[in-house]
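Enquirer: Read off the chains here:
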Amino acid sequence: MNERETMWAEAMRAGRRGDQRAYEALLAELAAVLRGMLRRKLGTLPAADVEDLVQDVLLALHTKRDTWDETRPLMPWVRAIAEHKLIDRARAHRRSSRVFAGNLSADDLADVAPMPEPEFERAGLDIDRHLAGLTERQRAIVKALTIDELSIAKVASDMAMSEGAVRVALHRGLAALARRTRKQDGLQESVQKS
Amino acid sequence: MRTDSLIKALAADAAAPARLSLRWALVLAAIPAAIVSFGLLLASVGIRPDLIPMFLAGPVAYKLVVTLTLTGSALLLSFRASRPDEDPQPAFYVLPAIVLILCGIVFEVVATRSGVDARSLGNTPAACVSLILLCSVPPLAAAFFIMRRGAARRPAAAGAAAGLLAAGIGASIYALHCPNDDAVYVGLWYGLAVAVAAGIGAMLGRRLLNW
Numbered sequence: 247m248n249e250r251e252t253m254w255a256e257a258m259r260a261g262r263r264g265d266q267r268a269y270e271a272l273l274a275e276l277a278a279v280l281r282g283m284l285r286r287k288l289g290t291l292p293a294a295d296v297e298d299l300v301q302d303v304l305l306a307l308h309t310k311r312d313t314w315d316e317t318r319p320l321m322p323w324v325r326a327i328a329e330h331k332l333i334d335r336a337r338a339h340r341r342s343s344r345v346f347a348g349n350l351s352a353d354d355l356a357d358v359a360p361m362p363e364p365e366f367e368r369a370g371l372d373i374d375r376h377l378a379g380l381t382e383r384q385r386a387i388v389k390a391l392t393i394d395e396l397s398i399a400k401v402a403s404d405m406a407m408s409e410g411a412v413r414v415a416l417h418r419g420l421a422a423l424a425r426r427t428r429k430q431d432g433l434q435e436s437v438q439k440s
Numbered sequence: 042m043r044t045d046s047l048i049k050a051l052a053a054d055a056a057a058p059a060r061l062s063l064r065w066a067l068v069l070a071a072i073p074a075a076i077v078s079f080g081l082l083l084a085s086v087g088i089r090p091d092l093i094p095m096f097l098a099g100p101v102a103y104k105l106v107v108t109l110t111l112t113g114s115a116l117l118l119s120f121r122a123s124r125p126d127e128d129p130q131p132a133f134y135v136l137p138a139i140v141l142i143l144c145g146i147v148f149e150v151v152a153t154r155s156g157v158d159a160r161s162l163g164n165t166p167a168a169c170v171s172l173i174l175l176c177s178v179p180p181l182a183a184a185f186f187i188m189r190r191g192a193a194r195r196p197a198a199a200g201a202a203a204g205l206l207a208a209g210i211g212a213s214i215y216a217l218h219c220p221n222d223d224a225v226y227v228g229l230w231y232g233l234a235v236a237v238a239a240g241i242g243a244m245l246g247r248r249l250l251n252w
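Residue numbers (the working numbering), protein chains in the order written: chain W, 247 to 440; chain H, 42 to 252.
The hints are simulated quantities; they were obtained by calculation from the structure and are not laboratory data. Fair warning: this is a prediction, and the values are worked out from it, not measured in the lab. Glycine residues also receive a C-beta, built at the ideal position from the N, C-alpha and C atoms.
Beta-carbon label-pair distances, calculated as ranges: (1) H:Ile76 x W:Glu409: 31 to 41 Å; (2) H:Ala167 x W:Glu275: 51 to 61 Å; (3) W:Gly379 x H:Pro94: 57 to 67 Å; (4) H:Ala102 x W:Ala411: 48 to 58 Å.
Take the sequences, apply the hints, and build the full model.
Expert: Quick look at the structure:
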C-alpha cells in the first residue's frame, strides 16, 4: 500500500465518522484519478461519456461504502467497483468488448495522472435523466444539494424541514439514483463473468 | 450535473448510518426466517413423532450436523460474495458438507453392510425435496433482503450462495420431520434440493443483486 492509498483509506474512515471535508477531498481526488485512467483506457469514447461513467463510479463508491472492509486495502475495492460499472456500461451500449475490454490493472490506478473535470456542459446528463425517477421531494433535495450547491441547513430552512429529514431524504435520493444508474437487467448477456 | 456538484451532495451524506454489518444482519435475519420455516413445517407435515429418540440415537443429529455445516459455510460464502473485491468459489464452500455426507455413507455401508437399496431411494423423495424447498423460501427471502445492501462482484454467484444458505436452513428444519434415515437418501435428495435452491438463487441473484 503506497502513501497515497494510506491517506485515502484514512479519509474514507474519516468520512464514515462524519468528516465531510475529508470525504469530499477524497472523492474529488478519486474522481480525478478515475477520469485520467478511464480516458486513457477508453480513448475513443467521447469525454462526456467518460464523465458519466466517472459519476456512476463515484455514486457506487458512496452508496456501497459499507462493503469496504477497513482492514483491507482500499484501492482493490475501488478498482473492483470501477470495473463493475465499466462492464455495466459496456453492456448497456452493446459495444463489442474492444473498447471496454478487460479488467483494470493495478497500474491503471496507481500512477495515472489525475485529470480535472472538463469544462463543458454536456457531461453528467445521465444522472440528470435519472433524477426523474426520484420522488418529488428527493429530487428537489438532491438538486438543491448538487446543482444549486446549497448546504443542508439552507435546504432545511428553505423547505421548512428539519435537517435530519433533509439528510434522510438525501440519503434515500442518492440510493435511488444509484439504483437507476444500474443498467436494465434485460440487456445483460446470459454469461455473467467479470 | 457537474461532477463536483455530485461530490458535494455525496459529501453531505458522509456520515454513515450506524447499523449492523451485512455479516451480522445475515446471521440475525436467519433466526426469524428459521422460525417461519418451522411454522410452515408444522402447518404442513409436522415434526416426526420419534424426534427425541432418533436425535439421541444418531440419525437426526447426523442430518443436522450436515445441514448446519452447509448453513455455516454458506453464510460465510454469502458474506464474501457480497463484496466487489472478492470472488469466492462456491464449490469450495460446499465441500465440508459433501465430505460429511460421504463419511456418513461410508459409515452406514460399513455398519449395515448394505449399499444403495430401496430405503435409499425412499417412498416419496418428491415430497422431501419439495418440503425442503418450501422451508427454504423464508430464509431465501430474508437473505436477499439483506444482501441487496451488498455489492456482489458476481450477482449470480451471490444469489447461489443465498440459495445454499436458504437450503441449509430449510433442510435443517425439514430434518425435524424427515422419516428416512438412510445416509444415501440424505445425500441424494437433500443434495438435489440444495442444488435446486442454489440454481434458483443464482437466477434470482442475476436480477435482484445487481447494483
